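Protein chains: 2
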Amino acid sequence: MPDKPIQPEGWSCPLPLKDYPNIVMGHGTGAKLSSDLIEHLFIPAFRNPALDAMADSAVLEFPAGRLAFTTDSHVVRPLFFPGGSIGELAVHGTVNDLAMAGARPLYLSAAFILEEGFPIEQLSRIVYLMAESARRAGVKIVTGDTKVVERGHGDGCYITTAGVGVVPAGRTVGSDRARPGDAIIISGSMGDHGMAIMSVREGLEFETQLTSDTAPLNELVETLFQTAPKIRALRDPTRGGVAATLTEFATRSNVGILIEETALPIRAEVKAACELLGLDPLMVANEGKLIAVVPAEDTEVVLASLRKHELGRSAARIGTVVSEHPGMVAARTAIGGKRVVTLPYSEQLPRIC
Amino acid sequence: MPDKPIQPEGWSCPLPLKDYPNIVMGHGTGAKLSSDLIEHLFIPAFRNPALDAMADSAVLEFPAGRLAFTTDSHVVRPLFFPGGSIGELAVHGTVNDLAMAGARPLYLSAAFILEEGFPIEQLSRIVYLMAESARRAGVKIVTGDTKVVERGHGDGCYITTAGVGVVPAGRTVGSDRARPGDAIIISGSMGDHGMAIMSVREGLEFETQLTSDTAPLNELVETLFQTAPKIRALRDPTRGGVAATLTEFATRSNVGILIEETALPIRAEVKAACELLGLDPLMVANEGKLIAVVPAEDTEVVLASLRKHELGRSAARIGTVVSEHPGMVAARTAIGGKRVVTLPYSEQLPRIC
Chain B
139 MPDKPIQPEG WSCPLPLKDY PNIVMGHGTG AKLSSDLIEH LFIPAFRNPA LDAMADSAVL
199 EFPAGRLAFT TDSHVVRPLF FPGGSIGELA VHGTVNDLAM AGARPLYLSA AFILEEGFPI
259 EQLSRIVYLM AESARRAGVK IVTGDTKVVE RGHGDGCYIT TAGVGVVPAG RTVGSDRARP
319 GDAIIISGSM GDHGMAIMSV REGLEFETQL TSDTAPLNEL VETLFQTAPK IRALRDPTRG
379 GVAATLTEFA TRSNVGILIE ETALPIRAEV KAACELLGLD PLMVANEGKL IAVVPAEDTE
439 VVLASLRKHE LGRSAARIGT VVSEHPGMVA ARTAIGGKRV VTLPYSEQLP RIC
Chain G
139 MPDKPIQPEG WSCPLPLKDY PNIVMGHGTG AKLSSDLIEH LFIPAFRNPA LDAMADSAVL
199 EFPAGRLAFT TDSHVVRPLF FPGGSIGELA VHGTVNDLAM AGARPLYLSA AFILEEGFPI
259 EQLSRIVYLM AESARRAGVK IVTGDTKVVE RGHGDGCYIT TAGVGVVPAG RTVGSDRARP
319 GDAIIISGSM GDHGMAIMSV REGLEFETQL TSDTAPLNEL VETLFQTAPK IRALRDPTRG
379 GVAATLTEFA TRSNVGILIE ETALPIRAEV KAACELLGLD PLMVANEGKL IAVVPAEDTE
439 VVLASLRKHE LGRSAARIGT VVSEHPGMVA ARTAIGGKRV VTLPYSEQLP RIC
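One line per chain: the protein sequences are B and G, in this order.
Throughout the first sequence, residue numbering follows our numbering, covering 139 to 491 in sequence.
Throughout the second sequence, residue numbering follows our numbering, covering 139 to 491 in sequence.
Honestly, I wouldn't trust all of these hints.
Simulated pairs of lysine-lysine, DSS-like, Cα-Cα distance not exceeding 30 Å [claimed, not checked]: (1) G/Lys-476 with B/Lys-170; (2) B/Lys-368 with B/Lys-446; (3) G/Lys-476 with G/Lys-409; (4) G/Lys-446 with B/Lys-409; (5) B/Lys-476 with G/Lys-170; (6) G/Lys-409 with G/Lys-368; (7) G/Lys-446 with G/Lys-368; (8) B/Lys-409 with B/Lys-476; (9) B/Lys-170 with G/Lys-409.
Restraint-style ranges between C-beta atoms, simulated for each label pair [to be verified]: (10) B/Glu-199 with G/Glu-413: 34 to 40 Å; (11) G/Leu-415 with B/Thr-346: 28 to 34 Å; (12) G/Glu-360 with B/Thr-480: 47 to 53 Å; (13) G/Arg-451 with B/Pro-201: 40 to 46 Å; (14) G/Lys-446 with B/Pro-257: 50 to 56 Å.
Keep in mind that the hints were calculated from the coordinates and are not lab data.
Owing to the predicted nature of the structure, the values given are computational and were not obtained by experimental measurement.
Yeah, the Cβ is synthetic: ideal placement off N, Cα and C, and Gly gets one too.
Use the sequences and the hints to build the structure in full.
What follows is the structure in structure tokens.
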């Protein structure tokens with residue numbers, strides 16, 4: 139059934155919330171102020187029958203198939219950055235985790251931990267962006283929660299989303315299924331999200347602005363399964379970047395992975411920013427890219443189908459699964475040498491999502 | 139399939155976590171330190187096949203029926219209190235929200251927002267208590283996430299759980315289904331959780347310690363549906379207490395509710411603490427109680443079945459749904475007068491769960 143269109147001007151600072159321009163402790167306590175926030179801010183934005191019932195649980199139809207279930211907390215700093223906000227990340231992160239299991243995302247929950255004093259106008263913008271992202275991804279936000287913590291015990295707004303989806307029969311992907319000879323494909327350029335965040339934090343300026351790639355990947359995954367049902371593994375290389383994803387594939391499949399540095403799609407401004415800050419683009423987070431491991435014979439058909447989609451235009455084969463050096467990722471450099479891609483013990487980019 | 143028993147001594151401060159007695163930023167970044175936390179702390183505690191796959195989503199069998207889906211963030215302060223901790227609350231809160239929809243809880247997610255410097259030993263205790271609570275409630279924690287925020291941007295540990303369950307055919311409950319003549323039943327004493335938290339915060343001492351009632355209610359709900367399948371509404375009176383729950387029933391069902399103050403089960407020490415602090419026990423949070431609205435003719439059978447269960451021994455009928463004063467809750471006082479039960483605009487007890 140069709141949702142009413144969101145009219146941000148109508149609820150961006152709706153009465154009676156206008157009396158409280160900033161979050162106060164009472165907004166998180168189950169009393170009148172909490173209800174105001176739910177009725178005048180969350181419900182109008184996310185409107186759907188399950189949420190409108192305002193029960194502690196949403197009760198929903200679930201199609202035949204296995205259930206995929208995932209969660210992510212979002213603590214990104216700053217809350218708004220070039221190309222997105224914590225709102226888009228909170229929706230796309232969970233949608234993408236479901237899609238990477240081969241699932242069709244259906245329903246999301248959203249739990250907010252707000253800091254006393256957080257402007258309701260900013261919360262409205264975030265909620266509006268979440269609603270728009272959910273609509274774009276074809277999922278419904280059906281249940282939620284709000285807690286408020288005292289000033290100095292939060293950072294404005296933390297959002298935890300969980301999601302459920304259905305895995306259609308016949309789809310089995312897993313990080314333990316890569317086989318020697320398989321091709322490693324990425325759906326587009328690397329490191330855009332991480333470097334967009336860094337550019338804001340470090341005050342870097344380039345001729346072209348660095349922009350986050352945050353996007354919902356579920357449609358792209360549907361396309362993939364239509365053209366290459368024998369996909370072995372799928373993963374969105376978020377925290378830890380492409381290096382972390384490939385290391386996990388190598389470890390769990392007990393295979394080696396060899397990537398070609400010259401084949402890695404990296405935008406010039408991202409490369410420049412990485413060099414400036416001494417970061418390896420292989421380890422920088424993405425929020426709208428996927429890595430697929432597919433049988434070698436499917437390489438061309440997969441690339442062609444990815445490139446037809448707006449979010450896969452720069453798709454590239456970046457490497458191969460090998461039987462040598464099991465558990466290890468190696469990169470062939472531009473001058474023909476090989477280097478081992480090691481994961482950092484800690485990380486250079488905290489609070490990236 | 140049977141889980142291996144949890145052996146807290148084996149992982150309470152396991153190597154290589156011993157090298158880091160406190161949480162550092164790297165524990166939340168997807169690099170080596172994150173993996174250590176997952177492999178050596180979360181997986182051993184929550185062990186089950188879905189979680190062991192360590193994918194971004196758990197993929198699970200889902201039985202025939204409607205899906206119930208819910209989420210709650212937990213920011214209780216202090217983290218440990220008489221009768222429980224944030225760990226039990228995080229599991230029971232979500233299990234109970236599912237049960238109140240008539241659902242059988244199946245799977246939980248757990249997302250942690252940890253503050254830099256938080257002792258890993260405390261995290262271990264919390265995770266152990268979550269695992270024990272999940273086992274007791276018969277649910278599995280199948281997916282999760284960990285983020286770390288800088289010192290001064292959190293409060294040790296926030297936990298957001300989401301849960302899914304299945305609603306068997308024929309079960310329909312809703313806060314809009316109360317009808318004049320229905321009986322209002324509570325499964326036990328009121329205000330225990332809220333006053334336990336307050337007693338710690340305010341340093342109150344009584345002869346008997348005030349103890350939280352945190353408990354999983356799903357078994358009790360199963361019992362209820364077996365004896366009285368025509369239950370109209372179920373709700374656990376957490377934030378805002380019994381008053382908030384009854385006000386919601388009255389509003390959404392467009393009926394009045396009349397409660398008998400002399401029938402309210404309140405432990406003497408809770409009553410004393412409420413008087414001392416000037417709180418109305420009707421508005422104090424519970425974490426292991428349910429309120430059921432049932433047809434009047436089912437009253438005795440429901441009370442009898444509740445009282446047979448450990449968690450329902452003090453069950454009592456506390457009031458009646460009436461056609462007068464729709465949307466309003468009234469209480470008949472000990473001396474025969476009537477007072478209107480109004481919800482506070484804000485709340486006296488922040489961060490209670």
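We went through each hint and held it up to the structure:
no.	hint	result
1	G/Lys-476 with B/Lys-170	holds (23 Å)
2	B/Lys-368 with B/Lys-446	holds (19 Å)
3	G/Lys-476 with G/Lys-409	holds (20 Å)
4	G/Lys-446 with B/Lys-409	violated (68 Å)
5	B/Lys-476 with G/Lys-170	holds (23 Å)
6	G/Lys-409 with G/Lys-368	violated (33 Å)
7	G/Lys-446 with G/Lys-368	holds (19 Å)
8	B/Lys-409 with B/Lys-476	holds (20 Å)
9	B/Lys-170 with G/Lys-409	holds (24 Å)
10	B/Glu-199 with G/Glu-413: 34 to 40 Å	violated (49 Å)
11	G/Leu-415 with B/Thr-346: 28 to 34 Å	violated (60 Å)
12	G/Glu-360 with B/Thr-480: 47 to 53 Å	holds (52 Å)
13	G/Arg-451 with B/Pro-201: 40 to 46 Å	holds (42 Å)
14	G/Lys-446 with B/Pro-257: 50 to 56 Å	holds (52 Å)
In this structure, the hints that do not hold are numbers 4, 6, 10, 11, in rising order.
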